[in-house]
Amino acid sequence: MFDLTNLSVHFGPATALREASLTIRPGDRLGIVGESGSGKSMLALCLMGMAPEAATLSGTLTIDGRDMADATERDWQALRARRVAMIFQEPMAALNPLSRVGDTVMDPLRLHLGLSKQAARARALDLFAEVGIPDPEARLRQFPHELSGGQRQRVLIALALACDPDLLIADEPTTALDANVALRITDLLVRLSAERNMALLFISHDLAAVARATSDIAVMYGGDIVERGPTRAVLDSPAHPYTRGLLGARPSATALPRDAKGKRARLPTIPGTVPGMADLPKGCRFAGRCPVELPRCASERPAVTKPGPDRSAICHVPSKEALA
Amino acid sequence: MTALVEAKSVSRHYRMPRNHLLRAPEMLTAVDSASFTLNRGETLGVVGESGSGKSTLARMVMAFEAPDSGEIRFDGTDIHALGASDLRRMRQRFQMIFQDPFGSLDPRRKIGWSIAEPLRVTQSEAPSHKTAEALEQVGLRAADADKYPHEFSGGQRQRIAIARAIVTRPDLIVADEAVSALDVSVQAQILNLLMDLQDELGLAMLFISHDLAVVASICDQLLVMQHGKTLEYGAATQILNAPAHPYTKSLLTAAGA
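Line by line, the protein sequences are chains A and B. Heads up: the first sequence begins at 1 in this note's numbering, then just goes up one per residue. Heads up: the second sequence begins at 1 in this note's numbering, then just goes up one per residue.
If you are wondering where the hints come from, they were derived from the structure by calculation, not from laboratory data. Backbone N, C-alpha and C fix where the C-beta goes; we use that ideal spot for every residue, glycine too. Each hint should be verified, as a subset may be incorrect.
[What the hints assert, rightly or not] Straight-line alpha carbon distances no greater than 20 Å define the calculated SDA-like cross-link-like pairs of lysine to any residue that follow: (1) B:147 / A:273; (2) B:130 / B:143; (3) A:261 / B:193; (4) B:249 / A:252; (5) A:261 / B:201; (6) A:261 / B:221; (7) A:263 / B:41; (8) A:261 / B:42; (9) A:282 / A:56; (10) B:249 / B:238; (11) A:261 / B:220; (12) A:320 / A:291; (13) B:130 / B:142; (14) B:249 / A:187; (15) A:261 / B:198; (16) B:249 / A:291; (17) A:263 / B:201; (18) B:249 / A:180; (19) B:249 / A:211; (20) A:263 / B:142.
[As the list claims (entries may be wrong)] Rough simulated footprint, nothing fancy, chain B against chain A, three-plus residues with beta-carbon under 8 Å: (21) 178-184; (22) 199-210; (23) 260-267.
Can you build the whole structure from these sequences, using the hints too?
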């Protein structure tokens, strides 16, 4: 359905995305994990045809077999109206504070589907019920500030579902929410994806949320998709040193042990900091911070290795356990 | 030896906006008789969602606001009974780190100036060697004192905020969501830094976060709050291994444990 081949995004000499390839089929639940500056949001913007004006793009994006290279803004608008929808981190910022949430959800129904006011209202009620908003009749008339953070995110999900998209892009949808609410929103997205056979692109820095929400995962670093594969397989035996570092650095809800002298153990860390877009190493992007680095890593881009079924990693020295 | 911080049945209420002209406004109980003891060199983790009262508790420990009932003793002294100048002197001994380091650093001042700020409360001329020492303790260079906040990354700015907190050689650091805005790998670096400083300086920490995974990794004791009430309080390992309250269990699930 969505097929991305060797997509690169440059800003002058700086690289935001390097030869990213992805395929998204109906009902897929793909997670994109990475830290700030890894290119994960840029990837999402490209799928929506919303790459910044200043960016130079290369590579191909085909949607249902159609090459989008020559797509006009009007084509993209039609696509965004009906095929792709997106939800964001901050639900309050995405809702119009002066508009009742019911009107916000009814607008696209009337504009894109040409429904009458009554039909749009009935559909909005169905959508509110589908995303688990209690007492939808009363909620339709409320303003964003009258709702809790979780309810606001549900309203935005209802809005995103309004025109039956084939792909829902969720960019850090749970980051601003409390842990329990985040869990319920994650589960809601999974349920909607299954019930509607809708593809879900779940972008997050939160590995626990991605593990729960997705069946496949792409790990990004410095504009590269460094590792891809089934979520469970990748998280259980990561092939790329960056994935391993990221998993290790994540605290695991257990107290770090203290030694005999009472000194507490430390969290494993990835040394150094993410370089800026213009200062990334030419070869492997992770060179300079990698614990198993070879001399050629900084200059020579690794080929794609296949550490397992449906898996790939860009690394000169992928983990032996993962390859086994 | 007395505990460093002792909170006894501390409560705090806020008046809600008036709903009806002729009715008294409703009261919200932000913190409902919370009690804890924090010893020197130890860490108390406070976990809860937004509105649980965890930040209000922190603000009372910092003496930014006073409890309606109960008392908070710092090294045996009731800090809310102190006069203004005594409190100012006492404040050297407890410092706070916030979530957003960019919001807590003056963008027009060199960071050396910002770091020395707590020292200037009690002395007019802050010695620059103290600033330099604090910078090096958080893994930055003494020469960085002459740079401005925008020249640093988010993780480095949080290190600057920590340098400012330790410059007075406090006994207690209150960290309110101090690593929540940071990327996972940076988060681990900052958590390790806090533990290094704790070992080095014998700091006690009140570590507040909505993220149980983060709190759990660095605390000795744990206090779980919801709607102002203390649901669980005790040794961290015990609560994590055998959570008594369903809410704690659900937080553990959310943390991916």
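Cross-check of the supplied hints:
no. : hint          : verdict
1   : B:147 / A:273 : holds, 19 Å
2   : B:130 / B:143 : holds, 13 Å
3   : A:261 / B:193 : holds, 19 Å
4   : B:249 / A:252 : holds, 14 Å
5   : A:261 / B:201 : holds, 16 Å
6   : A:261 / B:221 : holds, 18 Å
7   : A:263 / B:41  : holds, 11 Å
8   : A:261 / B:42  : holds, 14 Å
9   : A:282 / A:56  : holds, 18 Å
10  : B:249 / B:238 : holds, 13 Å
11  : A:261 / B:220 : holds, 15 Å
12  : A:320 / A:291 : holds, 14 Å
13  : B:130 / B:142 : holds, 10 Å
14  : B:249 / A:187 : holds, 17 Å
15  : A:261 / B:198 : holds, 14 Å
16  : B:249 / A:291 : violated, 36 Å
17  : A:263 / B:201 : holds, 13 Å
18  : B:249 / A:180 : holds, 10 Å
19  : B:249 / A:211 : holds, 18 Å
20  : A:263 / B:142 : violated, 28 Å
21  : 178-184       : holds (count 6)
22  : 199-210       : holds (count 3)
23  : 260-267       : holds (count 4)
This entry does not satisfy hints 16 and 20, going by the numbered hints stated previously.
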